[in-house]
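Asker: Start from the sequences, fold in the hints, and give me the full structure.
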Amino acid sequence: MTIDYHPVAGSFRDPAGFLFIHDGAVYRQVNRWGQVDYDTLMESGLYAALVSAGLLLPHEEVALPAPRPESAYRVLRPVQIPFISYPYEWCFSQLRDAALLTLQIQKRAFDFGMSLKDSSAYNIQFYQGRPVLIDTLSFEPYHEGQPWVAYRQFCQHFLAPLALMAHRDSRLSQFLRVYMDGLPLDLAVRLLPWSARFQSGLLFHIYMHSRSQQRYAGATIAPERAVGRMNRIGLLGLLDSLETAVKRLRWREDVTEWGDYYDKTNYTAAAHEHKKALIAAWLEELAPRNVWDLGANTGVFSRLASARGISTVAFDVDPGAIEQAYRTARLDGDPNFLPLLLDLTNPSPALGWHSSERQSWLARGPVDMVLALALVHHLAIANNVPLPRLAEFFSHLGEWLVLEFVPKEDSQVQKLLATREDIFVDYSQSGLEAAFAGYFAIEKREPIAESCRTLYLMRALPYRV
Amino acid sequence: MIALSGISILSGGLLSPTPYLDPGSGSYLIQLLLAAVLGGAFLVKVYWQKIKGFFRNLGKRKSDDPMA
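Those protein sequence lines, which keep their order, are chains A and S.
Counting from 1, one number per residue, gives the positions in the first sequence under the working numbering.
Counting from 1, one number per residue, gives the positions in the second sequence under the working numbering.
Check before you lean on any hint, since a few could be wrong.
Straight-line C-alpha distance at most 30 Å; calculated DSS-like pairs for lysine-lysine [stated by the list, open to error]:
1. A/Lys117 - A/Lys107
2. A/Lys276 - A/Lys444
3. S/Lys45 - S/Lys60
4. A/Lys276 - A/Lys247
5. S/Lys45 - A/Lys408
6. A/Lys408 - A/Lys444
7. A/Lys444 - S/Lys52
8. A/Lys247 - A/Lys117
9. A/Lys107 - A/Lys276
10. S/Lys45 - A/Lys107
11. S/Lys50 - A/Lys107
12. S/Lys52 - A/Lys107
13. S/Lys45 - A/Lys444
14. A/Lys276 - A/Lys415
15. A/Lys276 - A/Lys117
16. S/Lys60 - S/Lys50
17. S/Lys45 - A/Lys117
Some chain A residues well away from chain S (every beta-carbon gap over 12 Å; in silico) [unchecked claim]:
18. Ile21
19. Gly54
20. Arg215
Source of the hints: derived by calculation from the structure; they are not laboratory data.
These numbers were taken from a predicted model, which means no experiment stands behind them.
Yeah, the Cβ is synthetic: ideal placement off N, Cα and C, and Gly gets one too.
Answerer: Have a look at this one:
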């Protein structure tokens, strides 16, 4: 008996198994090749320990026919992650939390006689507001004396980018878009300030590590001869040192463009409250299952949705805003809110092998509702995107659109126009409505109190999404 | 670098002379060197914490003792 399925494009490297999608849900086939590792994970008590601590995504074994029965051992149905995100979309603290999670899991695995065979940042996802390991097949029995095979990957995927973000600039996380297997350590060495080598963890795991890589690049090691060279205490010392190195790295408290946006806004308190009330009412009325908030800043309005139990992803181009959004939500323990870094004028493309290993941003939609609050003027005026193109773009993202229109007379738009010629003849309320009419039906149109702004509720025409 | 020459000692006989690009080799070898150093440091740290914990408990017990 066979089933309809298609394999998840990013899941092909590990012979122990692969992910596939069947009937809209993600499943994992465990191959017989990975049988021993999987059974050891389940029977050693490690699986139960990690799941009860919230460190590993739980799964259940299901009776679904395997898509590739000739190699199959088990079929698993993991808990479904509402939105898959990638390390180049995370802020500093998200990557740091993911790094600390990986080390914590590796230490727990040792207690149960197992070890992580890889430490890819792509194996971590944010679920219910916290990072969690999603790859059940990342574990192998630990043989005393064996080095940690995932050490190099940990340094490249986590330590090097975090060091650059902390010591240079948080925007350097974007290197992860280019280097899919993490930042090459020799590159990190060239980019880090000279003073970074005074931090012992970075000296050991980046500088000396990089030198060693260069010096022994032409050498090969017979795996069986590497075993027995390293004792357990040495490995625990290595992990402890990595953990200390990561914990010492701190977010640079840069003054960001938008970080204090809500303090600088031209809104009165009444306008702010009125806007909140309108959005809250529409959320209650339409009860969307998921929401994307575009240009979300620190997520004040996104959290109107997440507070109602709606799975909400907040996107913003500013790392400072996303950092603040993540920290606030983590402190509040909001399980439905995920803030991510995204430049709407150049959203995450499809990347990796066959240009399909990592999904593009658009491919991860559509959603039930999109919020575009005080965003259109940035795209239309600061980035010269014509209004009809904006309308078409939004129509691909979701069925419902909550859009705030900020007219030319608003001081925020005046600021954008202050240093340039006003070539935007169509940028007006009537121009907006005309441009969107081809893609959306305008359901509601509410002027925001004590402001010249208008909040729209629009519904994509049926053939669009 | 002096530290890196330590790798040669620790890895005696581990390296094969076959020229083959294996970016993992250097990572394996530095791990052996670092583990030797950091393992010792880790033991010192663990025992130091135990000693500190012992005296902290001792102090606590004394202050908890109504007869003290």
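Asker: Give a verdict on every hint.
Answerer: Hint check results:
1. A/Lys117 - A/Lys107: 13 Å, holds
2. A/Lys276 - A/Lys444: 15 Å, holds
3. S/Lys45 - S/Lys60: 22 Å, holds
4. A/Lys276 - A/Lys247: Violated: A/Lys276 and A/Lys247 sit about 37 Å apart, past 30 Å.
5. S/Lys45 - A/Lys408: Violated - the C-alpha atoms of A/Lys408 and S/Lys45 are around 63 Å apart, more than 30 Å.
6. A/Lys408 - A/Lys444: The hint holds at about 21 Å.
7. A/Lys444 - S/Lys52: 66 Å, violated
8. A/Lys247 - A/Lys117: 23 Å, holds
9. A/Lys107 - A/Lys276: 45 Å, violated
10. S/Lys45 - A/Lys107: Holds, because 17 Å separates the two Cα atoms, which is no more than 30 Å.
11. S/Lys50 - A/Lys107: 19 Å, holds
12. S/Lys52 - A/Lys107: 23 Å, holds
13. S/Lys45 - A/Lys444: 64 Å, violated
14. A/Lys276 - A/Lys415: 24 Å, holds
15. A/Lys276 - A/Lys117: Distance of about 47 Å is beyond 30 Å: violated.
16. S/Lys60 - S/Lys50: 15 Å, holds
17. S/Lys45 - A/Lys117: Holds, because 27 Å separates the two Cα atoms, which is no more than 30 Å.
18. Ile21: Check passes; 33 Å lies beyond 12 Å.
19. Gly54: The claim stands: A/Gly54 keeps its Cβ more than 12 Å from every Cβ of chain S (closest is about 26 Å).
20. Arg215: The assertion about A/Arg215 is violated, with a minimum of 6 Å to chain S.
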